[in-house]
Each structure stands twice: as structure tokens, then as C-alpha cells.
Amino acid sequence: MIFMSKWNFIDTTYIYDGSFEGVLSAINKVLNTREIPYLITSINHYVPDLFKNTLIIETEDENNKLIEFLKQSDEIYYTIYLAFFSKSADKEMIILKYIVYYDKYKRDLVNMKHLDVVINLNKISKEVAYECHKFKGFLRFSELKSKILYAEFEPQNDIVSLIYKHFQDRLPNEFFIINDILRNKAILCHKNEVMIVDSSSIDRSFILKSQAENLFSDMWKGFFKAIAIEERTNRRCQMNFMPKRFWKHLTEMEKDDE
Amino acid sequence: MTNICIYDCKYCINRRTNRIERAIFTPEEIAEITINFYRRNYIEGLFLSSGIIKNPDYTMLKIYETVKLLREKYKFYGYIHVKGIPGASQELVKKTGLLVDRMSVNIELPSNTSLKLLAPDKNTDILADSLKYVSNEIKKDKNFVRAGQSTQMIIGASDDTDHKILTLSQNMYKKLNLKRVYYSAYVPVNQDNLLPALVEPPLVRENRLYQADWLLRFYNFNVDELFGVDDPNFNYQIDPKSNWAIRNLNKFPMEINTVSYDELIRIPGIGLTSANKIIKARKYKKLTFEDLKKMHISLKRAHYFITCNGKYEVSTNMFDKKILTNTLALESNTQQKDQKYVQLSLFGEDDIHE
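Protein sequences appear in the order of chains Y and G.
Heads up, the first sequence is in my numbering, so the first residue is 1 and it goes up one at a time.
Heads up, the second sequence is in my numbering, so the first residue is 1001 and it goes up one at a time.
These are calculated hints, taken from the structure and not from any lab test.
Do not take every clue at face value.
Mimicking BS3-like on lysine-lysine, the simulated pairs with C-alpha atoms at most 30 Å apart in a straight line are [as the list claims (entries may be wrong)]:
hint : chain 1 : residue 1 : chain 2 : residue 2
1    : G       : K1179     : Y       : K136
2    : Y       : K185      : Y       : K71
3    : G       : K1293     : Y       : K123
4    : G       : K1116     : G       : K1010
5    : G       : K1280     : Y       : K87
6    : G       : K1321     : G       : K1164
Short, incomplete list of chain G residues facing chain Y, as computed with Cβ under 8 Å [to be verified]:
hint : residue
7    : F1037
8    : R1039
9    : R1040
10   : N1041
11   : L1203
12   : K1280
13   : A1281
14   : Y1284
15   : K1294
16   : M1295
17   : K1300
All C-beta atoms in this analysis are idealised placements derived from N, C-alpha and C, irrespective of residue type, glycine included.
So that you can see chain G by itself, here it is in the shape it has in the complex:
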């Protein structure tokens, strides 16, 4: 809606103290543009975010007016996702929530310490309360924010570990019934003492976090399974599931024709769809590697971890922790992008200005 903002979060391009051009849409303008983009099939729906103008209540009111116009005057019934403004009155949040499909509140950073440091205008308690309020209202009324609640945090602007980030996600999924957590790689747009001097946004790390997030939600993994005791961060060259499998080689190789669905989905490279295909097809025939390939089940990673009718497709020498780690790292796509970045300690004495 606007890039005007009264807050001064260190990492944000729209922070109050940045000298940039500011602009603002009226609710009518947003509604008019949305409906005309929708008619032309440019868009599926509206994602409405905003800087904080005047105060949280005023901002939320403008957001409410926009969605009200869209639903009532313009008869727009497509998808609407709005940002809930932390600190806005519950009454406003409630009225808005009845008109939108999704509402999200960004927790911004994975820990209280980093939030206090980088976004001092934002308050952990208020953020948590906003999320809890929406979560409770959803339980009471299925028409309230009917596509559920989500949140977002920045990755790489603080020294929080992957383990910490995913533990937070796991807890939020459990306690708040969130639909999604979004992990947004930090893009350095400002210079500041407190921000890391990243050369590039940590896109590979972001991808690994999403892969792990999927493991938590759909593959019955618990956060603690994904990390070793001394290893609170991922090896970015290998996907998290392969990482887990290599550290748990005693569970492999698995025989494709006999293991359960829950075991199948633990095999690196085998997703929910492939697991279902296998379960269905093996009722009629003992599956071979040829069958799996014909069914478009990718064996690139899986073939180190499975047998078909007792046969192991690759050399048995491969079945070794170190060799598998190196092989999978070499074969993975991350080799193509050389992720060079320096993550400096937030609390270190290093001078990160040029």
C-alpha cells in the first residue's frame, strides 16, 4: 500500500531513516487496479502489504477499507492475502480477517535477541500475541482467515543456527497451526554496524531450510533428527534428507518391495508421489530398477539407499558414510553456484565497513 514507514528496522529498505522516494495508494486505487488486473488474467489474487503509516491502527484501517471495497463494491472473490499489522486493535483484525483468505504476521527474525537488535521498534510479545489471536479466532470461526495463517522470517541477517530456526518453525506449526513458514534470504540493501557483510543472499541455505520444512510437515521428521549434537547447521551441499540418511546408514538399504510407506518416504530422492506410485504398483509385480525408471521415479540419489528384490544397483563400495557424502555433494546442483559469503559475528569487534 505504501513504503512510508515510521519504524527503522535495520535491514529494511523502507526504514524511516533511508532517503528514498515514498508513495502511497488509496484503497480505491488498489481495488481498481486489482479488479482490472484480475479480469485480464494478469493475477490470481491480491497480496497486500504495507509500511506502517502514522500508527498500526491507521494502517490496518486502510487495509481493511481496501479489502472491504474489493469484496463488497467490486465483487472480487479471488484470493486475498493481507499482512496483519502487529499492534492493531483486535476489532480491526477481526473485521479484516472475515474478508480475506490468508493473513500473515512476520516474526522477522528467529530469536528475541536478534529482533531487539535489528528491529527495535518491533516487540516479540506483540508479534506473538498477534499470531495467537489469529490462531484462536480461526479455531472459533472457519470463515475467519479461511486459508490459514502464515509467517515469514529473514535468514542470514543474524547468527541464529538452522537448528534454532527450524525448532521455532516446528513449535509454531504445532502450537499456532500455521499453514506455512516462509524463509527469506537476507538481501543486503543497507549498510549498518549490526548487519552482516554478506556478499550474496544465502539462497542455497534458504532452499535447504525449505527442504527441511517440508520434511517436518509432510515426512514425519522431528527437528532433532535432522541435526547432529555438534552440528546445528546444515551441510549446504547436500539436501537435509540425504544428510540424515547418511548419518543413519544402519537403516539402509531399504528393500523397495517390502518396506512401509513411512519408511519409503525416508529414502533420499523418494517423495510422497513416488512412494505412492511404488505402493500401488508393487501390488501387481515385484518392482525392478527398470520398472522404477519407467515410472519416472528418480534414482539419482535413491539408488545408493535401496535394493530391488535384494539387488543393489551401484557398487557396494559406495555404501560408506564418507564416500556417500562426497559423492552426493559432487553430484548436487549447488556445485554450480559457488556460494561465497562471510557470516561475521554480530557481537564481534570486526569492523565490517569497507
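Next up, chain Y with everything else stripped away, as it sits in the complex:
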């Protein structure tokens, strides 16, 4: 596109701290300098490359101007925010390219659904949104002896901080924990208080369930089997709604021990 000729492409890798504010700081620098780096990558994923310069991006406290600019379209801001939590290794560059186009086309960009830049961002954003939606339904809590509700899952995208609010609304007076055991990242919620912790030190075999827990999980498994109508069995349809990758931590899909 012609407008890209006003930008310089530089042979530098920008390294940010891994946070959403961090990547916004990096993108802020791009917009201010009109220089597009070879790569934007988080410190956790950085692979040293002899042939590229590197630049550490300090996370600015005030990305407000950029956020205000992006929030001129709620849809666009939200799409970008979700995309940040994607598992895609290219997410930073996909977001950067989108914002560079947004700088030119502003809110109209959201309607240009034939552009690769738009398609790529929407794709990863949609994947994150889809997984959030599925896990809001497929997360299963167990009640522990301490009455804490505990759930484990293994999401492909880093969504634990995107779904906890849903459960805060649902369980306003409970203490619950959602543990991403792939990333060893757990979120602890009690009423309005929220804490994200490293869960690698938890020995999960020591997690004790409450007495009532087995009663309810058995009833649930029984109910799940009983409501199935054999004549309407449709494995393909079931897998459409409930892809197999979500079965691992589902109570009703647990193999019975006997």
C-alpha cells in the first residue's frame, strides 16, 4: 500500500516485558518514530539473533494516548486486547501491522474485511474469544475441604485473566481458584479481590475434596448419562459443540475407576 512508503523499516528487534502495557509501549515507539522494527517480542520468548540489533522497551506508565486512540472504536480495542492473549508466535507483529493501518484508516479499518491485516488480527482474536467462550462452559469446579472451589484447565491461549470475571459474577460470595496447569498460572478470587499467582509449587495430588464433592460429581455423571437419547446419538455433532481437546478436565468425561 502506498502509505507504507512514509514508514522506515529498521533491522532491530524490540523486546518488551511480556505485558499488554509493554507491547503498547513498543507500538507507541513505532508510531512516534515512524520506524517499523523487524520484530517485537517478549523477553520470555526472545531468541538471540546475531544479525539483528535489539532494543529493550521500557513499559511506560502512560500509554493513555494510544489507548484513547484505539478506544475510538470499542470493537477494535477489544479485538486487539483479545489478540494479545493468543498463542500465536506472531501476535505482536500482527497487532503492530493492524495499528499501523489503523493510524491511516482509523475506524473505517474494521469494515475492510478483505485486507490481510484485518483478516489476520480477526483470526487470532476470534480464536481467543472462542476458547474463552468454550471454557466458560467447560470449566469444572470441585469443592475442597475448605469450601474453596477449585478448577484446573489447559487452555491453548493464555486466557485465565480473561475468564475470571465471568465467574466472579456467578459466584459473588465464594472463594474460587482457576489453575492453568500448562502455564502454572492460577487466579485466586474472593469477592472483589483478585490475585494471579505462580502455581508451579502446588502439589496437586494433595488437593483434598470436600465430603459432599463425590456425591455431586457422581450425580452429575449419572445425569449426563441418563439424559442421552440413544436414538439421537450423533458423535460428530457432539464433537462440534464439545471438541475433544476440552474433555480432559470435564467431570462427566472422567473414566470411572471401577
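Dock chain G against chain Y, hints included.
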């Protein structure tokens, strides 16, 4: 709540004269289970149905007690859908409706004749009155059954045609402001002189009815457009919209870049989402087939019915009623399931016992 029932509807596994084990939950038990399933995120809400125990009022009272417990004692604010019991007092229905999100009354069968025959304990007038009462109360108070009313009927237990079924739906949507009509494929669980000897539940037919239902509600179709004069049933191998398009080829092919939204949604394979994508994107560029594919707009059916900038993607020989019918039937997923079933006349002399 219970599979105890005083009625003897021919098609129902819980009919009074079937010898099966009967069980019943108390309102407290249902409430306790619901709240604990909800906390564990097993469920989103409660769908509470019941056989008729003692009489309609008693049954409705138990249902009312359950939802009252859930809302007031257990502070459950999730989704509740209850069955309205036809014949229960309006006072009970009213009290219950203020506590639930959805209430539905099953009309069971698409015509008075089939209802009289297969569910003689149920009365068309009482069913209609129940639906009307709820519909009127909803108009008066938006907190009453705030997610609206729905209904359900069985498909394939009677010889009512698709045209008849959908005309009934269209009228109910218009007059009663229903949110949904559910079409439930008849699953043969009982043997009876009056029931058809189906080999399998008519799942494909059920799917086609849902597709047509969507056309009525969201695509501005009228029931009579979907059927030919001599054709009161669908060709199950093709979806209803494609069926309509093939019989109205004079309206096609449509040029993607110029036709209105109302015309776009008439194209087979183009849904509301795709139509919106097209409307938005074509402001910036004349769309080609490549663009449509990149935007994830399915062309599997649409490409027989559209042009992009005047170009037609498939061979012009295809644009023929018979050829399109055969092609779409071949390509459709229904080829994978061989729907073999025999629909015998309810009033015929055929002996359908083995």
C-alpha cells in the same frame, strides 16, 4: 420433577399405562442439586419439566415451590425454564412466571385431529388458552417470563405436512409472540395402533424444519413461498432456501456487489453474518470470488446463484432447475445418512404390528 403421570398419551414413555419405575424429587432436592451443579459450573441453569401428578394444579404448585426456593432461599439467579402445566390455575401460573426466565407449554402435535387421537387427555383449547394467557401477561409486565415463551411439537408421529406445521409456527410467532418453536423428531418408544412404525426418528426432516423456521424468523420468508402448490412437504435432500431458489431461478444470478441486504440473504449459503460482511467490505472494493473466500464466506452453494463483477464462477450449464436440484442433493450431507423410514397413514387399514 417426576415421571409419574396421570395421562396416557400414546407416544410418551411415561404414559400412565406403561409399566416403568417411577420416581419423584421434592422441591428441596431439586433446589439443592441445582445450586450445587451451578456452583461447580456443570450447568448454566435449570430446565424443569414434569409428568402430571395428581392434577395440573398440584403439579404446578410443586414447580412453583421449587423455583421459589431457588430464587429466595438459595439466591439462585441463573436461568430457569419451566414447563407451564396446561389446566393449572392462572394464579399459580402468574406467581411462577414472575420467578422464571422462560415458560413453555407444549402443543405436542400440529393439528387438533392428531392431538385428539394421540393425546386424548390433552385439550387443544386448554393448550391454546395457556399460551394466550402467558402471552398476554408478558405484554403487561416485562418481569413476567422475561425471556419469553416457547413451545414444542412432535414431528413424524402424525401425517401432518411440513406446510401445515410451518403455517402453525408462523401464526404462533405472529399472534403469540413466541420466542421459539421446537420441533422434536418422534422417537418410537411405544407400540400402538395409532403410531407410525418408524424405523428411525426423522432427524433430517427435523433439521429441515428448523432451517425453514429460521427463514421465517430472520430471513423475511413467508411460509407459502417455501412450498409449491402440489408440494406440501420438503425435498429433504436439499435445504429449504436452496429449494426456493431453484424454483425461482428468474431472480438469479444476483450480483454480489450491487444487490440489497434483503436480496443477499435470499442467496443459498449466504447467512446474515456473511451478508453483513459483504455489505461492509464492498464499500471499499468491488468484491471478487477470491475476496469472498478470504472472508470465509462459503461458496459451496452460493456460487451457483451469484456473480462477482458480472462473472459467474461455475459453468453456465449448471444454471438449470433439474441439474441444480441433482447437484445440490448429491453434495449435501444428507447423502451420508440413508434416511429409510416408512410413514404409514394413521387412518389406513395397514396392520403395523409385526
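The hints, checked one at a time:
no.	hint	in the structure
1	G:K1179 / Y:K136	25 Å, holds
2	Y:K185 / Y:K71	29 Å, holds
3	G:K1293 / Y:K123	14 Å, holds
4	G:K1116 / G:K1010	11 Å, holds
5	G:K1280 / Y:K87	29 Å, holds
6	G:K1321 / G:K1164	26 Å, holds
7	F1037	6 Å, holds
8	R1039	6 Å, holds
9	R1040	5 Å, holds
10	N1041	5 Å, holds
11	L1203	7 Å, holds
12	K1280	4 Å, holds
13	A1281	4 Å, holds
14	Y1284	5 Å, holds
15	K1294	6 Å, holds
16	M1295	5 Å, holds
17	K1300	17 Å, violated
Checked against the numbered hints given earlier, this structure breaks only hint 17.
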